Amino acid sequence: MFGQESSLDKKYERALNYFYAEYPTDQSDSTAIQLLEEIKSQFPTNALTPSQSADVYEKLGTLYLIQNQPQKSIEILRRGLKFIEQNEANDSLLFNPYLYMGESFFLLNQADSSIHYLNQAEKKLDAKKDKQETGRLYNSLGVIYYESGNYAQATNYFSKARSIVTEKSNPEPSAATEYAIFSFLTNEAAAWANLKVFDKAVTLYQEALNLGIDRDEVLSKLASLYIKNQNPDSARYYLDSIAEQASRNSLPNQNINAEIHLLKGQADKSLELLIPGLDEEKRKNFQPSQVALDYHKGKTYQIIGRSWMEKKEYQMAAEAFHKAILQFDGVFSEEDIWKNPSPGNINWGMTDIFESLVLKAKSTMVLAKENNDMPTYQLSFDTYQVAFDLVFYLNNLYDNQDARIFLGESIRKAYEEAVSASIALYQLTKDQKHLVRGFIWAEESKATALELARNEGKIKANSGIPLALLQEEKILKFQLTRANQKIREVQDPNKLEDLEAQVRDSKLALSRLYASYNDFSSFFDQKLNTERIRIQKLQNFLQSGHQVLLSYFVANDVIFCFMLSEDDLYLSAIIEKGPLTETIKSMNQELISSRGNNRQELEQVTIQAFDQMLGEAYPDLKKHSNWIILPDQMLVHVPFEMLADPEGNYLVENHAITYQYSGKLLQMDTSRINSDKEKAIGFAPFSAATGLPETNDFAPLPAAASEMELLEGRIFLGTAATKQEFLAHSENASIIHLATHALSNPESPEEGFIVFSPSQENHLLYAEELYQLDLRQASLVFLSACDTHQGQVMNGEGLISLSRGFSYAGCDNIISSIWKANDKVTAYLSEVFYDKVNQGNTYPEALQLAKKTLLKDTKMAQYHHPYFWANMVFIGNTFDATSRQSAGITLSFLLLVLVAAGFIWFWKKKRGL
Numbered sequence: 001m002f003g004q005e006s007s008l009d010k011k012y013e014r015a016l017n018y019f020y021a022e023y024p025t026d027q028s029d030s031t032a033i034q035l036l037e038e039i040k041s042q043f044p045t046n047a048l049t050p051s052q053s054a055d056v057y058e059k060l061g062t063l064y065l066i067q068n069q070p071q072k073s074i075e076i077l078r079r080g081l082k083f084i085e086q087n088e089a090n091d092s093l094l095f096n097p098y099l100y101m102g103e104s105f106f107l108l109n110q111a112d113s114s115i116h117y118l119n120q121a122e123k124k125l126d127a128k129k130d131k132q133e134t135g136r137l138y139n140s141l142g143v144i145y146y147e148s149g150n151y152a153q154a155t156n157y158f159s160k161a162r163s164i165v166t167e168k169s170n171p172e173p174s175a176a177t178e179y180a181i182f183s184f185l186t187n188e189a190a191a192w193a194n195l196k197v198f199d200k201a202v203t204l205y206q207e208a209l210n211l212g213i214d215r216d217e218v219l220s221k222l223a224s225l226y227i228k229n230q231n232p233d234s235a236r237y238y239l240d241s242i243a244e245q246a247s248r249n250s251l252p253n254q255n256i257n258a259e260i261h262l263l264k265g266q267a268d269k270s271l272e273l274l275i276p277g278l279d280e281e282k283r284k285n286f287q288p289s290q291v292a293l294d295y296h297k298g299k300t301y302q303i304i305g306r307s308w309m310e311k312k313e314y315q316m317a318a319e320a321f322h323k324a325i326l327q328f329d330g331v332f333s334e335e336d337i338w339k340n341p342s343p344g345n346i347n348w349g350m351t352d353i354f355e356s357l358v359l360k361a362k363s364t365m366v367l368a369k370e371n372n373d374m375p376t377y378q379l380s381f382d383t384y385q386v387a388f389d390l391v392f393y394l395n396n397l398y399d400n401q402d403a404r405i406f407l408g409e410s411i412r413k414a415y416e417e418a419v420s421a422s423i424a425l426y427q428l429t430k431d432q433k434h435l436v437r438g439f440i441w442a443e444e445s446k447a448t449a450l451e452l453a454r455n456e457g458k459i460k461a462n463s464g465i466p467l468a469l470l471q472e473e474k475i476l477k478f479q480l481t482r483a484n485q486k487i488r489e490v491q492d493p494n495k496l497e498d499l500e501a502q503v504r505d506s507k508l509a510l511s512r513l514y515a516s517y518n519d520f521s522s523f524f525d526q527k528l529n530t531e532r533i534r535i536q537k538l539q540n541f542l543q544s545g546h547q548v549l550l551s552y553f554v555a556n557d558v559i560f561c562f563m564l565s566e567d568d569l570y571l572s573a574i575i576e577k578g579p580l581t582e583t584i585k586s587m588n589q590e591l592i593s594s595r596g597n598n599r600q601e602l603e604q605v606t607i608q609a610f611d612q613m614l615g616e617a618y619p620d621l622k623k624h625s626n627w628i629i630l631p632d633q634m635l636v637h638v639p640f641e642m643l644a645d646p647e648g649n650y651l652v653e654n655h656a657i658t659y660q661y662s663g664k665l666l667q668m669d670t671s672r673i674n675s676d677k678e679k680a681i682g683f684a685p686f687s688a689a690t691g692l693p694e695t696n697d698f699a700p701l702p703a704a705a706s707e708m709e710l711l712e713g714r715i716f717l718g719t720a721a722t723k724q725e726f727l728a729h730s731e732n733a734s735i736i737h738l739a740t741h742a743l744s745n746p747e748s749p750e751e752g753f754i755v756f757s758p759s760q761e762n763h764l765l766y767a768e769e770l771y772q773l774d775l776r777q778a779s780l781v782f783l784s785a786c787d788t789h790q791g792q793v794m795n796g797e798g799l800i801s802l803s804r805g806f807s808y809a810g811c812d813n814i815i816s817s818i819w820k821a822n823d824k825v826t827a828y829l830s831e832v833f834y835d836k837v838n839q840g841n842t843y844p845e846a847l848q849l850a851k852k853t854l855l856k857d858t859k860m861a862q863y864h865h866p867y868f869w870a871n872m873v874f875i876g877n878t879f880d881a882t883s884r885q886s887a888g889i890t891l892s893f894l895l896l897v898l899v900a901a902g903f904i905w906f907w908k909k910k911r912g913l
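When the letters of the sequence shown are read in order and numbered with my numbering, they come out as residues 1 to 913.
Don't read these hints as lab results, they were simulated from the structure.
Because the structure is a prediction, the values reported are computed rather than measured.
Each hint should be verified, as a subset may be incorrect.
Stated by the list, open to error - Cβ-Cβ distance ranges computed for the label pairs, FRET-style:
1) Lys-200 x Pro-579: 49 to 57 Å
2) Gln-479 x Ser-748: 18 to 26 Å
3) Asp-498 x Asn-654: 16 to 24 Å
4) Ala-501 x Glu-22: 31 to 39 Å
5) Gln-539 x Pro-579: 47 to 55 Å
6) Asn-598 x Ser-748: 16 to 24 Å
7) Leu-428 x Arg-532: 24 to 32 Å
8) Asp-402 x Tyr-20: 51 to 59 Å
As the list claims (entries may be wrong) - Cross-link-like lysine-lysine pairs, in silico, DSS-like; alpha carbons within 25 Å at most:
9) Lys-474 x Lys-486
10) Lys-460 x Lys-486
11) Lys-852 x Lys-824
12) Lys-200 x Lys-228
13) Lys-433 x Lys-200
14) Lys-196 x Lys-228
15) Lys-537 x Lys-623
16) Lys-527 x Lys-623
17) Lys-297 x Lys-369
18) Lys-458 x Lys-474
19) Lys-430 x Lys-537
Don't be surprised by glycine CBs; every beta carbon is placed ideally from N, CA and C.
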């Protein structure tokens with residue numbers, strides 16, 4: 001027995017020597033495998049400790065992974081995990097098996113399993129001391145995010161991996177450490193390249209080049225970067241700099257070479273390169289789908305398809321794009337071009353699948369038009385729908401707003417092409433289903449990050465997630481916000497580097513927390529089961545008869561205007577984008593430069609804007625007193641209320657106007673109205689000049705306090721109107737009124753802020769902080785501060801502004817300002833507004849009536865110019881909910897009166913009175 005123990009012990013030591021060889025080779029790895037397999041064959045044994053036995057499984061699984069035998073690696077590692085559990089070995093021993101299991105499943109393209117085991121490894125991080133293995137885990141998690149298209153989060157993981165293995169406390173880096181750093185650098189650079197932050201990517205690639213490791217690989221990646229940057233000459237320079245001929249001839253580099261030709265308009269050369277030795281007829285019959293699943297071959301088919309598109313060979317292009325889908329999708333295997341995958345599983349290269357689907361849809365659409373073939377039209381539309389279903393799945397998979405906004409911008413062009421194709425077929429056939437499809441896709445493309453955040457806020461409250469986790473999320477968000485605020489203030493480069501690391505680590509901690517939410521099946525399931533936009537549901541909201549919805553959608557050189565009433569959907573106009581853009585630009589310039597004077601020139605341009613945007617539709621619109629407008633892109637800053645109708649009246653004189661970011665938000669549950677007036681809060685920190693610090697940069701707003709005279713609840717004035725008081729009371733408030741200063745920043749919207757009392761140092765509420773709040777209890781936020789509805793206009797997400805921040809936090813209804821607000825006018829409008837709300841009017845109706853009252857008030861004649869009142873707009877979701885609520889209260893009161901009267905009559909009769 002002693003001899004066996006000694007023999008196994010020595011064999012184990014020999015195996016470790018081979019495993020940890022300073023310069024490992026295939027031979028040393030094979031010898032290690034042989035020794036470890038011999039030891040494993042004698043299990044169970046007491047010759048080794050439980051930790052050593054677990055280590056045998058781990059090392060063996062690792063070696064099979066290195067030898068690209070992931071299935072064998074998984075089999076061994078599973079047995080190791082079972083051994084650890086049965087022998088109650090040290091919990092820290094679970095880290096490596098989980099890590100390598102995740103990587104093995106990754107190689108097998110089994111995304112769900114890969115993510116599961118990597119997340120399990122992440123949970124064991126606290127027990128892990130090995131910096132290199134920890135760095136490896138963060139790198140693997142970064143790859144997971146990269147492959148799902150969440151490049152912003154991937155950069156954080158790759159950066160963290162690199163920071164761990166390069167910590168100052170670490171000894172001189174070994175060869176293995178340098179290889180790890182090389183991997184982390186190139187991975188992070190690739191993520192930045194996909195985010196189109198090319199300067200950052202180039203810097204990281206240069207760092208990787210300086211390590212002197214696999215120079216040809218870095219040169220290839222730099223060539224690929226310049227392909228993404230649409231710069232074929234720079235791509236050619238780096239590709240030609242590759243030293244090894246074999247590397248130059250590899251499939252990834254052949255793809256780059258072919259893309260260079262394609263960018264230069266040389267489709268024939270691209271095809272000749274990828275399908276060598278074949279004439280054009282044979283190239284048409286090329287059948288690459290017979291090869292095994294491979295990402296680079298998927299890219300090859302994409303390039304072949306794009307080359308056929310350039311040559312107007314659309315049938316060949318469509319077939320090539322379908323073959324690309326087969327390569328990128330690990331589940332879908334239908335070679336029939338009339339079939340499409342069903343999104344619902346995580347695949348690597350999901351953005352590549354989306355791109356291939358869109359390209360297939362485009363090529364089949366051209367075929368359908370050429371042949372006037374309805375089945376091919378249907379194939380194209382079905383393919384677009386699958387692509388958009390994949391986007392819906394991806395967005396729910398993502399865990400941060402930045403990734404969702406980036407995705408929305410990336411895929412917006414596909415929506416524009418799909419909507420345009422659907423409208424074109426509607427015009428050709430007059431079949432209403434094509435118009436409905438175009439409208440739905442138009443609204444699906446807008447404000448996705450905002451809608452998902454609102455939806456997740458509701459789901460979290462009802463999905464069984466423990467309060468402790470939700471509180472942890474709140475703390476992490478607060479830490480992230482504080483670190484970002486300090487970054488804006490700090491000058492010291494060393495402190496800046498530390499703060500940036502804090503931001504990254506907070507984002508990673510939030511990422512881990514969000515991943516844990518998915519352990520509660522109802523959370524992710526509810527997100528995926530969220531109802532998509534439906535015409536009938538929107539029409540049900542419009543059944544009051546006096547409401548109409550106008551949706552604008554910018555597509556290439558035109559703007560589609562959809563009009564939805566309670567019983568029909570119309571295409572009310574197709575507007576030329578260029579002339580309308582110039583009109584809007586002129587209107588904004590005249591409006592702001594006039595500063596309340598020179599009304600004549602402004603009126604002329606507003607008439608022109610009316611004719612372009614509403615002229616054709618107005619006869620049908622005129623009968624509706626309440627309009628809901630869903631603007632897009634350059635239209636988000638247009639105050640429709642100030643446009644003049646054919647009779648010379650401002651639209652506000654006859655129509656209450658509501659704005660909303662997307663039809664998706666209109667569908668969300670709006671039945672909840674917080675009617676507790678005592679929970680209303682108001683803040684006016686600059687209501688008087690006294691009490692303001694000498695260093696204060698903001699002017700007094702003497703009329704601000706009067707804005708809230710009719711607002712019941714708690715009012716904070718002057719030095720009492722602090723940011724701390726706002727944070728303490730806002731999440732339980734029914735109405736929030738902020739009469740103060742604000743500053744928007746279109747270049748960096750997250751740096752916009754609302755000003756509270758400067759009597760305290762921390763008195764700026766940044767836009768980023770709004771995203772951390774829960775304002776679902778508030779039925780209205782009234783922002784009478786300047787420019788709160790100004791900001792950065794995104795093609796897909798729409799307006800990123802302070803007002804959007806309040807919507808993101810969960811408030812359905814917001815009154816906000818597009819440009820500078822006049823203190824006296826704002827006070828006037830606010831006072832009338834609250835009076836009209838108290839009389840039972842809806843929020844948009846109350847704001848309309850306030851403006852009409854101002855225009856009729858001769859004492860306010862100097863403020864009748866649109867410059868003073870058209871800036872205040874209502875963004876909301878009421879659909880008469882306010883009036884329904886008021887009607888409900890009135891009806892309940894009447895019922896109580898009738899019951900009481902009946903009781904009195906009965907009591908009198910009984911008494912004989």
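Now the hints, each set against the structure:
Between Lys-200 and Pro-579 the C-beta distance comes to about 39 Å, which lies outside the given range of 49 to 57 Å. Take Gln-479 and Ser-748: their Cβ atoms lie about 20 Å apart, and the range 18 to 26 Å holds. A hinted range of 16 to 24 Å for the beta carbons of Asp-498 and Asn-654 is inconsistent with their spacing of about 59 Å. Checking the proposed 31 to 39 Å range against Ala-501 and Glu-22 shows it holds: the Cβ atoms sit about 32 Å from each other.
Separated by about 32 Å at the C-beta atoms, Gln-539 and Pro-579 break the suggested range of 47 to 55 Å. With their beta carbons about 34 Å apart, Asn-598 and Ser-748 fall outside the hinted range of 16 to 24 Å. Taking 24 to 32 Å as the suggested C-beta distance range, the pair Leu-428 and Arg-532 conforms, at roughly 26 Å. Here the CB-CB span from Asp-402 to Tyr-20 is close to 41 Å, at odds with the stated 51 to 59 Å.
With a C-alpha separation of about 19 Å, the suggested pair Lys-474 and Lys-486 falls inside the 25 Å cut-off, and the hint holds. Taking the CA atoms of Lys-460 and Lys-486, the gap is near 30 Å; set against the 25 Å cutoff, the hint is violated. At roughly 16 Å between alpha-carbon atoms, Lys-852 and Lys-824 fall within 25 Å of each other, so this suggested pair holds. Between Lys-200 and Lys-228 the alpha-carbon distance is near 14 Å, which keeps this suggested pair within the 25 Å criterion.
For the suggested pair Lys-433 and Lys-200, the alpha carbons sit about 46 Å apart, so the restraint of at most 25 Å is broken. Among the hinted pairs, Lys-196 with Lys-228 is consistent with the structure: their alpha-carbon atoms are about 8 Å apart, no more than 25 Å. Only pairs whose Cα atoms come within 25 Å are accepted, and Lys-537 paired with Lys-623 is accepted, the gap being roughly 22 Å. Between Lys-527 and Lys-623 the CA atoms are separated by roughly 39 Å; this puts the pair beyond 25 Å, and the hint is violated.
Restraint check for Lys-297 and Lys-369: the C-alpha separation of about 30 Å exceeds 25 Å, so the hint is violated. Between Lys-458 and Lys-474, the direct Cα distance comes to roughly 15 Å. Compliance with the 25 Å bound is thereby established for this hinted pair. For the hint pairing Lys-430 with Lys-537, the CA-to-CA distance comes to about 23 Å; that is within 25 Å, so the pair holds.
When each numbered hint is compared with the structure, violations occur for hints 1, 3, 5, 6, 8, 10, 13, 16, 17.
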